[in-house]
Amino acid sequence: NAGVTQTPKFQVLKTGQSMTLQCAQDMNHEYMSWYRQDPGMGLRLIHYSVGAGITDQGEVPNGYNVSRSTTEDFPLRLLSAAPSQTSVYFCASSYSVAGDGYTFGSGTRLTVV
Amino acid sequence: ELKVEQNPLFLSMQEGKNYTIYCNYSTTSDRLYWYRQDPGKSLESLFVLLSNGAVKQEGRLMASLDTKARLSTLHITAAVHDLSATYFCAVDIPSGGGADGLTFGKGTHLIIQP
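Listed in order, the protein sequences are those of chains A and B. Count along the first sequence from 1, add 1117, and you get the number used in the working numbering. Count along the second sequence from 1, add 710, and you get the number used in the working numbering.
For the record, the hints were derived by calculation from the structure and aren't laboratory data. What you are looking at is a predicted structure, and each value in this text was computed from that prediction instead of being measured. A virtual CB, placed ideally from N, CA and C, is assigned to each residue, including glycine. Among these hints, one or two may not hold up.
[Unchecked claim] Partner residues are not named here, just some residues of chain A that face chain B (Cβ under 7 Å, in silico): (1) L1160; (2) L1162; (3) F1221.
Start from the sequences, fold in the hints, and give me the full structure.
Right under this line is the structure:
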């Protein structure tokens, strides 16, 4: 049971490049979400999904796109990377009532130069 | 808009001492979570509190939730160096029978010195 798997673990992008951060879970969780963590800011919600085919915006969605075609996968796309998107990104998943809490992936450390 | 405030944001304490971290939130919710994060690592779930008056304990850590006061506390008893980490509280708002994501406090950076 792998839990929540994020790839890559590290990435350096040039301004304007695009990329996709991958997130996969094998726990059959309905809910998945993306957060970014910046020093002194805690974690902030980017996008979330309550099930396959359903996504919605969180607190800081600008510059990011998501889709949820399967229960297992919830990729985060940066269409045109900016230095302000330099951050550590975490994916999390949970059951519908979150009684067991949210399980987090190991994170992706992204640097945009 | 849900806001979550933790205090203190930084805490340096000696081994063997007791201390409490406070987490206040602005909107009614009965779902609060505590996480631990070590430097360069992911978030480790410590406690899930899902009702008013909930109290959970694990080792030297005890968490409680008062939904009427919109307050949760994380109490550390007889601190040891291994508890040095950053601690986050987070709240979610039930929606449509499910959960839509967490709002986090900014974290409490805890250093425990011998």
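Taking the hints in turn, this is what the structure says about them:
{"no.": "1", "hint": "L1160", "verdict": "holds (4 Å)"}
{"no.": "2", "hint": "L1162", "verdict": "holds (4 Å)"}
{"no.": "3", "hint": "F1221", "verdict": "holds (5 Å)"}
Comparing the model with each earlier hint shows no violations; every hint is respected.
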